[in-house]
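Chains D and E are the protein sequences, given in the same order. By the UniProt record's numbering, the letter at position 63 of the first sequence is numbered 63, and the numbering carries on one by one without gaps. By the UniProt record's numbering, the letter at position 199 of the second sequence is numbered 199, and the numbering carries on one by one without gaps.
Check before you lean on any hint, since a few could be wrong.
[Stated by the list, open to error] Short derived list, chain E residues pointing at chain D, Cβ under 7 Å:
id	residue
1	154
2	214
3	230
The hints are simulated quantities; they were obtained by calculation from the structure and are not laboratory data. Beta carbons: idealized from backbone N, C-alpha and C, even for Gly.
Number of protein chains: 2
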Amino acid sequence: MKAQPLTDFQRLSINDATTKIQLTLEEEIRLYAEMGIQGISIWRDKLAQCGVDRAAKLLDEYRMTVTGLCRGGMFPAATAQGRQEAIEDNRRAIEEAAAIKAQCLVLVVGGMPEGSKDIAGARQMVLDGLHSIIEYARSLQVPLAIEPLHPMYAADRACVNTMAQANDLCDEVGEGIGIALDVYHVWWDPDLRHQIQRAGKARLLGFHICDWLVPTQDMLLDRGMMGDGVIDIPQIRGWVEAEGYTGFHEVEIFSAENWWQKPAEEVLTVCKERYLKVV
Amino acid sequence: MKAQPLTDFQRLSINDATTKIQLTLEEEIRLYAEMGIQGISIWRDKLAQCGVDRAAKLLDEYRMTVTGLCRGGMFPAATAQGRQEAIEDNRRAIEEAAAIKAQCLVLVVGGMPEGSKDIAGARQMVLDGLHSIIEYARSLQVPLAIEPLHPMYAADRACVNTMAQANDLCDEVGEGIGIALDVYHVWWDPDLRHQIQRAGKARLLGFHICDWLVPTQDMLLDRGMMGDGVIDIPQIRGWVEAEGYTGFHEVEIFSAENWWQKPAEEVLTVCKERYLKVV
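Produce the complete structure using the sequences and hints provided.
Okay, structure coming up:
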């Protein structure tokens with residue numbers, strides 16, 4: 001059931017959070033391309049810094065596939081106005097994703113509004129938010145990719161914490177929405193294989209990789225390089241590819257004390273080595 | 001569906017990890033009793049320090065109900081010898097639990113053996129371990145309480161991370177085993193209410209309370225006092241009590257930088273205040 005070893009870099013994408021500190025988007029596009037990497041996933045702050053039009057032009061020039069725009073979501077808010085602002089921001093994100101031909105807009109759905117203890121209520125706000133933006137996303141042909149986040153982020157980042165929840169939301173919302181599976185968030189889930197099967201090819205819009213370090217020093221910024229932790233990545237990739245997933249494998253490593261402190265070339269070189277060896 | 005407010009301390013228990021740094025077990029028994037707290041849950045290191053016989057005598061003298069002994073479990077190991085040693089240690093823990101008339105032996109089941117990436121294998125080792133000790137636990141009339149731990153501990157502490165998994169294990173093992181539900185570990189789970197119903201009164205052997213802080217500074221030692229975080233404790237207590245749970249409410253707070261730095265009397269005073277106000 002494990003995936004066949006990878007033998008080339010055709011399906012390797014780098015989420016540019018991996019070189020968050022070291023490079024601007026323009027530098028990333030040039031360096032990734034130069035190193036034979038053909039996929040990139042882009043965060044909106046860097047996109048804004050570069051300018052959407054200029055980024056779109058560079059991405060074309062360097063023939064980069066944009067495997068995702070990070071991120072939309074963050075739907076829950078304490079007030080109706082706050083929720084409306086979130087929807088407007090999501091609409092802008094959809095436009096940006098369309099402009100750079102992103103394969104999907106990744107959604108980190110948001111946690112509970114400040115002061116709230118109502119996680120069920122937050123989850124309802126997420127569903128309402130999705131209903132509010134889905135038509136616009138469909139009209140611009142931007143698939144929405146719900147990213148279930150690890151339960152340790154349930155309070156403040158994403159109250160969608162399992163593949164089962166993401167699948168339930170897809171059931172509710174219908175066409176034009178799917179899932180970005182990040183092994184970091186879901187590797188522990190005993191129901192993972194079944195929920196990957198339930199998602200199937202149509203819903204599997206992204207496959208993100210890194211590793212879970214033992215011990216983990218920081219809940220947000222201590223993700224590991226593939227192979228340095230405990231996640232059986234080939235197993236999960238095997239399950240995803242058994243459903244027919246043929247998309248990119250996107251490396252996304254937030255690592256304040258380690259990888260963000262190293263030169264980008266070194267980080268990418270190690271990503272490529274590990275990609276062939278342990279992914 | 002929320003629980004009725006609590007009006008007295010008859011069902012308040014303190015897990016003695018809450019005063020881990022400040023007090024010995026003997027001091028805990030005396031102080032808790034003096035402060036009108038009639039339940040205590042005890043960690044084995046403090047029990048060993050005190051001596052089991054002496055502890056049993058003190059607990060009798062002060063009429064303390066022992067709501068749990070912490071902890072058995074830790075079943076997975078890389079070698080057969082390691083797994084056998086874990087079983088022997090669990091048998092000793094069962095004997096200790098019987099000696100101090102603990103209402104249950106809490107099981108933190110263990111994570112993956114060092115170097116392993118096989119979480120399914122670790123979960124099988126847990127099931128095998130439970131099968132190896134259940135008869136002995138039954139013979140000494142010590143209920144085993146599986147404590148599902150938050151998924152952020154899946155690698156290194158407990159590969160049982162949801163109430164659903166704990167219920168599945170109970171289904172497999174049969175009589176004499178149940179669940180210790182700690183709101184800290186399961187509050188985020190969208191399936192929580194259903195799994196509490198599935199557990200029912202017979203399996204609900206413990207109800208542990210504290211709070212999830214935002215932000216959480218440390219994955220292990222930054223639990224919050226009830227009311228200081230985002231968990232809707234009355235909601236979860238309501239679900240548990242709707243099943244007929246009439247046991248103690250056990251406060252368990254690991255807090256290296258905050259509550260462990262305060263005098264025990266102060267910590268317990270705040271526990272009692274919050275217990276009536278937000279539990």
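Results for each hint:
1. 154: OK, holds: residue 154 (chain E) within 7 Å of chain D, min 4 Å.
2. 214: 5 Å, holds
3. 230: Holds - the Cβ of residue 230 (chain E) comes within 7 Å of chain D, reaching about 5 Å at its closest.
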